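**Student:** Chains as they are written, first to last, in the working numbering: chain A, 22 to 321; chain B, 22 to 321; chain C, 22 to 321.
This list has only true hints and no planted wrong ones.
No copy is singled out in the list; a pair is fine if it fits within one copy or between any two copies.
Simulated crosslink set (DSSO-like; lysine-lysine; CA at most 30 Å straight-line):
#, residue 1, residue 2
1, Lys164, Lys181
2, Lys24, Lys54
3, Lys181, Lys255
4, Lys24, Lys285
5, Lys248, Lys181
6, Lys230, Lys164
7, Lys138, Lys270
8, Lys136, Lys290
9, Lys228, Lys301
10, Lys49, Lys136
11, Lys23, Lys290
12, Lys138, Lys266
13, Lys181, Lys301
14, Lys209, Lys301
15, Lys230, Lys255
16, Lys136, Lys301
17, Lys52, Lys24
18, Lys23, Lys301
19, Lys285, Lys136
20, Lys138, Lys269
21, Lys52, Lys23
22, Lys136, Lys52
23, Lys266, Lys301
24, Lys181, Lys242
25, Lys230, Lys269
Note that these hints are calculated values from the structure, not bench results. If you're wondering where the values come from, they're calculated on a predicted model, not measured in any experiment.
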Amino acid sequence: MKKNLISINDLERSDIESFLSTASEVEKLTKRKASDILPGCILSTLFLEPSTRTRLSFEAAMQRLGGTTINLASEVSSVQKGENITDTGKVVAGYTDICVVRSPYEGTARMLTEKTKVPIINGGDGANQHPTQTLLDLFTIKKEFGSIDGLKIGMMGDLKYGRTVHSLAEALDNYSVEIRLISPDETKMPEHIVKEVGVEEETNKMKIKDLDVLYTTRIQKERFPDKQEYERVKDVFVLDEERVKEMKKDAILMHPLPRIDEIKPEGDKLPQARYFEQAKNGVPARMGIILELLGVEVNV
Amino acid sequence: MKKNLISINDLERSDIESFLSTASEVEKLTKRKASDILPGCILSTLFLEPSTRTRLSFEAAMQRLGGTTINLASEVSSVQKGENITDTGKVVAGYTDICVVRSPYEGTARMLTEKTKVPIINGGDGANQHPTQTLLDLFTIKKEFGSIDGLKIGMMGDLKYGRTVHSLAEALDNYSVEIRLISPDETKMPEHIVKEVGVEEETNKMKIKDLDVLYTTRIQKERFPDKQEYERVKDVFVLDEERVKEMKKDAILMHPLPRIDEIKPEGDKLPQARYFEQAKNGVPARMGIILELLGVEVNV
Amino acid sequence: MKKNLISINDLERSDIESFLSTASEVEKLTKRKASDILPGCILSTLFLEPSTRTRLSFEAAMQRLGGTTINLASEVSSVQKGENITDTGKVVAGYTDICVVRSPYEGTARMLTEKTKVPIINGGDGANQHPTQTLLDLFTIKKEFGSIDGLKIGMMGDLKYGRTVHSLAEALDNYSVEIRLISPDETKMPEHIVKEVGVEEETNKMKIKDLDVLYTTRIQKERFPDKQEYERVKDVFVLDEERVKEMKKDAILMHPLPRIDEIKPEGDKLPQARYFEQAKNGVPARMGIILELLGVEVNV
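Whole structure, please, built from the sequences with the hints as guidance.
**Tutor:** Encoded structure:
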């Protein structure tokens with residue numbers, strides 16, 4: 022098994038499947054039983070920038086397994102005193118059994134793997150990678166449909182800068198799926214990912230009726246030099262109740278959250294809305310990640 | 022049983038008694054035994070403004086029960102990114118089994134009950150309610166006297182703006198007690214509460230000799246347009262050693278803390294002083310609250 | 022046994038040995054077994070100034086023992102509201118079984134021992150004391166050499182202002198060791214400690230070849246009125262690969278961390294480098310401290 026989880030590109034389909042199946046196994050356990058798996062084990066969370074969901078769902082995941090957590094946040098005193106971040110990371114990880122690193126700088130997590138023997142999880146490093154988000158996205162899809170192969174999956178919104186959709190597209194390349202990219206011309210998926218991944222269709226129309234999965238992301242104002250252009254484009258890709266109702270009844274609508282207004286709250290109660298379940302799946306998905314990296318098997 | 026704890030006014034006497042008796046039962050257990058009640062259970066604390074005592078005593082309460090805690094503090098990144106606070110609350114609560122919400126805005130906790138199935142505890146919402154403080158106050162009184170009925174209870178200080186004394190008065194309306202309100206004219210208890218609750222006496226003199234319980238609160242400078250008036254009034258209601266000694270030997274002196282100078286440190290060692298025990302009672306009282314809302318029975 | 026750990030000077034050799042041997046015993050246990058020692062016990066960490074390593078290693082220590090932790094950080098609301106810090110400390114410690122206090126002010130920890138029955142650990146109080154650092158330093162030396170008596174121990178760098186080396190020197194006075202003080206004339210060890218402790222040699226040359234232990238600390242720029250003098254002096258006491266290689270093969274190089282550039286990263290892989298192990302030893306050393314103060318025996 023892999024010892025660290027740094028990039029979704031380091032994983033083969035069999036690795037991904039291991040994570041997903043361990044997550045699925047552990048989710049079936051009662052709380053009391055799960056909490057007997059990792060007593061005395063500690064997860065350190067080293068967050069050089071804040072990330073509410075990633076930190077809290079990792080904490081919850083470790084705690085559900087009977088372990089505990091310690092957190093070093095960005096206001097880190099030693100770091101401010103000029104200490105090298107790998108020194109800090111090495112020391113903090115060394116207090117514990119496994120460590121999640123979040124950083125605004127690309128490569129921080131991988132650099133730390135060379136300094137410590139403790140398994141390192143990349144909790145997001147700048148614009149680069151956020152592999153645990155991708156695994157929870159896949160976990161959500163698999164949980165809903167039983168299998169990922171054979172699905173029609175649309176990604177919509179800011180496909181140019183969205184780390185989430187880049188990683189998801191790369192991960193889906195391990196599966197037999199049809200991918201449709203839906204975005205304004207200004208925020209298209211980078212060419213090199215489109216080529217690498219094998220995309221069925223790119224469009225700037227909201228073509229969503231036949232999809233099994235629609236994965237949306239926020240279009241950020243900052244990306245548009247022309248603010249009027251932004252206003253025009255933004256409204257084209259807003260999902261209100263009417264548009265969600267156009268989707269297949271058994272399709273699912275995903276979003277990494279937070280959403281601002283690209284999905285209207287009125288849509289939350291529609292049968293397709295699955296973004297809150299998706300967020301909640303962060304906990305079992307990350308339980309699976311922790312167990313796999315520690316090499317601990319779940320006995321149901 | 023109630024599923025959420027939002028306002029003391031939602032509770033009937035029997036509800037209050039359930040909370041108090043569960044707290045009392047769980048307090049009798051050994052640490053090891055108590056810690057076997059909720060293994061694998063998680064409490065989320067969602068604090069949109071800081072509140073040291075409330076957060077820490079809830080964390081301690083959940084941990085004494087063998088559970089764990091995750092905390093989202095006010096510097097919340099997603100909230101700062103413009104995310105709707107109910108979205109954040111829904112996600113964070115969803116990682117856990119029960120959630121405490123503290124907010125500077127009235128109604129936040131109740132709003133969240135409509136968005137999530139996880140039991141919600143109001144840890145204070147602006148000037149509105151702070152029901153867990155009231156339950157720990159009642160727990161303290163009951164623990165000292167065995168029963169609340171029949172007591173003479175004085176409330177003193179800032180009765181106009183003090184959320185704590187408003188809720189306590191409303192809760193005591195469920196009991197047969199004699200209530201005396203003691204305050205400068207500038208900070209009298211609001212008329213509607215006085216009427217609702219059935220008060221025996223209102224006075225601006227420090228009449229405390231015959232009381233069983235004296236509950237004091239700080240008079241805040243900001244409330245007085247005329248600062249000289251504040252200085253005059255403030256000193257009238259300071260409890261120094263001499264004044265506390267005037268109280269009955271078996272009376273108790275309570276204060277929600279922090280105190281500044283309305284109770285002199287010299288009074289701490291007097292037999293009536295009970296505010297530090299009161300603070301400490303926050304832990305068993307909140308253990309009782311958590312257990313009641315989760316519907317878990319204590320077997321002694 | 023002592024109930025509090027406030028100053029290394031409060032301890033006799035037998036006290037120190039108790040801490041070290043409990044730490045050593047508990048380190049031998051499996052994680053699962055250790056985590057069964059203190060279920061339901063809570064450590065409060067009251068940090069009036071940040072200290073990453075001290076806080077996190079105490080949290081990890083308590084968690085390894087099956088206990089949990091609550092943290093009150095310097096942004097303490099009640100403290101900001103003007104509350105007396107001993108009131109806050111008394112309340113927070115009272116929620117828990119044992120409390121670590123870190124303060125920028127000398128005497129805070131000792132003051133708190135007079136206000137609460139909960140065992141208090143001094144996690145560093147200004148320029149005064151940091152006894153748990155000293156115990157982990159001794160634990161590291163003893164772990165490496167089996168015994169402390171008979172060793173040649175050098176302390177190098179800022180011996181004038183370094184709280185760590187002051188306490189270590191005082192603690193070593195309980196043992197039969199040879200102490201060599203190595204520093205620029207500007208940062209010599211204070212005369213009263215030199216006299217009290219019994220130092221074999223003071224030098225401003227880097228004489229390190231025959232030492233068993235070299236304990237280095239950072240020389241801080243702020244200490245030098247003449248910055249050119251600082252630059253000259255600083256480089257004299259930098260440990261690069263070449264200099265570390267001059268040391269005995271079985272000697273150890275220690276540093277309380279964080280280091281800036283007084284030890285070059287290239288030295289990390291040399292056999293003498295032991296500062297990361299030293300940091301890691303903070304966890305078992307602090308497990309020993311917690312157990313001794315709570316009077317809990319370890320049964321291996």
